[in-house]
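A.B. asks: So the protein sequences, as listed, match chains A and B.
Number 162 in our numbering belongs to position 162 of the first sequence; there are no gaps in the numbering.
Each number in our numbering comes from the position in the second sequence (counting from 1) with 1000 added on.
Derived by calculation from the structure, the hints in this document are not laboratory data.
Here a beta-carbon is modelled for each residue, glycine too, at the ideal position from N, C-alpha and C.
Treat the hints with care, since some could be wrong.
Said to hold, decoys possible - Derived DEER-like restraints, expressed as beta-carbon distance ranges:
1) B:P1161 - A:P101: 50 to 58 Å
2) A:K27 - B:G1159: 50 to 58 Å
3) B:G1159 - A:E24: 53 to 61 Å
4) B:E1008 - A:A51: 54 to 62 Å
5) A:W201 - B:Q1019: 27 to 35 Å
6) A:P101 - B:G1159: 42 to 50 Å
7) A:G103 - B:D1012: 41 to 49 Å
8) A:R21 - B:E1008: 36 to 44 Å
9) B:P1161 - A:W108: 35 to 43 Å
10) A:V30 - B:E1182: 25 to 33 Å
11) B:Q1019 - A:A51: 39 to 47 Å
Said to hold, decoys possible - Chain B residues, not near chain A, derived (Cβ > 10 Å throughout):
12) T1004
13) T1009
14) A1011
15) G1026
16) A1054
17) L1059
18) E1072
19) R1093
20) R1131
21) S1156
22) L1158
23) S1167
24) R1177
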Amino acid sequence: MCENMPTLLNAYLDGELHGRRRLEVEKHLVSCAACRNALQELHAISDLLRAAPVPAFLPAERFVAQLILRLNAQGIALQLPRRPLRDRVPKPAAWAGWLVPAGLLGAWFFLRTIFTLTTAISAADAGGLLGQASAWFTGGQSQALWVMAINSLFSSQMSAAQQSTLSLFNQVSVFSGDLFSGFLWQALVVLLYWGWLAAWWFRHAPQPVKMVF
Amino acid sequence: MLATLTAETEADLILKSQQGDRNAFGELVRHYYRRVINVVYRMCGDTALAEDAAQEAFLRAWLHISSFSRGEPLLNWLYRIAVNAALDILRRRHEEPVEDEMLQRIPEQSSGPEDALIEKERLALFQQAVRSLPEAARSALVLREYGELSYQEIASVLGIPIGTVMSRLSYGRDRLREVLKEQILQAESEYV
């Protein structure tokens, strides 16, 4: 048989060649005895395949009955989608049923984590383990820098009323500074916590079903 | 012979099956069972294995019916599942040579007992030859000869390009011709 002809002869046999390619093969077959013989053999193989007798399989009714029994026996019916996908959008009420306790549990766990960390840091600070670093998150200053500057420059010229006003501003400033520094590290803890939670979620999120049959 | 399903009836049965209606799915199974098991039988070469594979195929079809897209014919979708189920079952059996006891169930169409025996031996020889083909070539050949699919449909079912379908069919038939020649020669020498 000629080179490259087997594939074309198979396609010709199966009626998959059309137009110019079909005419080319037919023209070639007229002049090439080897390819004609090859085509005859292909015909014979195909005829043999199709003529092969078929055993008496189970009747369809019995097959279906067995299939249903198997579905029931394996409890597969329970996994079946009872509604089309478009209808299977969860309703808000169904979500709320488990979102509320899950949310409460999450909030409790979150607060518990913060409390534990705060206690640990306070204990470390009390034990002197944090050294100067404790000032960063506990504040530690009794006078704001800008109040100190005003005091050093104008304290002799200020009246008692002005000094008490300045003292009030100083207290507000120190308090807000302490509040900010206190919240800063807690916000950092929160961010780390949620970051870890998000990473865990992405790692354990349900994968789409692989459609390999 | 089962009545032909109209496109509307089939679409209705598919929709009901997707909604979990087992009777509707049973109707679809009844309708396609013969064609599916014939393809699976040619893949496995054994009646009992083919019946197991067909059960497995329809079971998988039931489980995944909700993902069936009506863009392709249901039969082609079933063939895809069936071919994979047959290959899985064969792999589980480690391609052990099988003696198909069910060959005794072949309906006797021949004129006498001798002819019937020859017919059964011929089928056994043939099944053995088909099973000796590599999985890839066997799948393409079975879908073409018994599934009566076009090259485009085979490509879609097996997820391969048309060019690959062509080369697999060419290789499969060529290999089958060689194996059958060897078997016939061997049978003749044993007879002499």
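A.B. asks: Take the hints in turn and mark each one as holding or not.
C.D. replies: These are the hints, each one checked on the structure:
Remark: the range hint 50 to 58 Å for P1161 (chain B) to P101 (chain A) is upheld by a beta-carbon distance near 54 Å. Between K27 (chain A) and G1159 (chain B), the C-beta spacing of about 35 Å breaks the proposed range 50 to 58 Å. In this structure the hint that G1159 (chain B) and E24 (chain A) lie 53 to 61 Å apart at CB is violated, the actual value being about 30 Å. Take E1008 (chain B) and A51 (chain A): their Cβ atoms lie about 35 Å apart, and the range 54 to 62 Å is violated.
In this structure the supplied range 27 to 35 Å holds for W201 (chain A) paired with Q1019 (chain B), their Cβ-Cβ distance being about 32 Å. Remark: the range hint 42 to 50 Å for P101 (chain A) to G1159 (chain B) is upheld by a beta-carbon distance near 46 Å. Evaluation of the 41 to 49 Å hint for G103 (chain A) and D1012 (chain B) yields a pass: the beta carbon distance comes to about 44 Å. A hinted range of 36 to 44 Å holds for the C-beta pair R21 (chain A) and E1008 (chain B), which are about 38 Å apart.
Checked against the given bound of 35 to 43 Å, the beta carbons of P1161 (chain B) and W108 (chain A), roughly 58 Å apart, lie outside it. Evaluation of the 25 to 33 Å hint for V30 (chain A) and E1182 (chain B) yields a pass: the beta carbon distance comes to about 32 Å. In this structure the supplied range 39 to 47 Å holds for Q1019 (chain B) paired with A51 (chain A), their Cβ-Cβ distance being about 42 Å. Listed as outside the interface, T1004 (chain B) is consistent with that label: its C-beta sits roughly 15 Å from the nearest C-beta of chain A, beyond the 10 Å cut-off.
Residue placement check: T1009 (chain B) keeps its beta carbon more than 10 Å from all beta carbons of chain A (closest about 17 Å). Distance to chain A confirms A1011 (chain B) as a non-interface residue, since its nearest Cβ pair spans about 13 Å, more than 10 Å. For G1026 (chain B), the shortest C-beta to C-beta distance to chain A comes to about 5 Å, within the 10 Å cut-off, and the non-interface label is violated. The beta carbon of A1054 (chain B) sits about 7 Å from the closest Cβ of chain A, which is not more than 10 Å, so the claim that it is off the interface is violated.
Non-interface status of L1059 (chain B) relative to chain A is broken: a Cβ of that chain comes within 10 Å, the nearest being about 7 Å off. With a closest Cβ-Cβ approach of about 13 Å to chain A, E1072 (chain B) is found to remain outside the 10 Å limit, as its non-interface label requires. For R1093 (chain B), the condition that its CB be more than 10 Å from all CB atoms of chain A holds, with the nearest at approximately 18 Å. With a least beta-carbon separation of about 12 Å from chain A, R1131 (chain B) lies farther than 10 Å from that chain, consistent with its non-interface assignment.
Distance check for S1156 (chain B) against chain A: the nearest CB is about 14 Å away, which clears 10 Å, and the non-interface claim stands. Listed as outside the interface, L1158 (chain B) is consistent with that label: its C-beta sits roughly 12 Å from the nearest C-beta of chain A, beyond the 10 Å cut-off. Residue placement check: S1167 (chain B) does not keep its beta carbon more than 10 Å from all beta carbons of chain A (closest about 6 Å). Interface exclusion of R1177 (chain B) from chain A breaks down, the closest Cβ pair being 6 Å apart, not more than 10 Å.
In summary, the numbered hints that this structure violates are 2, 3, 4, 9, 15, 16, 17, 23 and 24.
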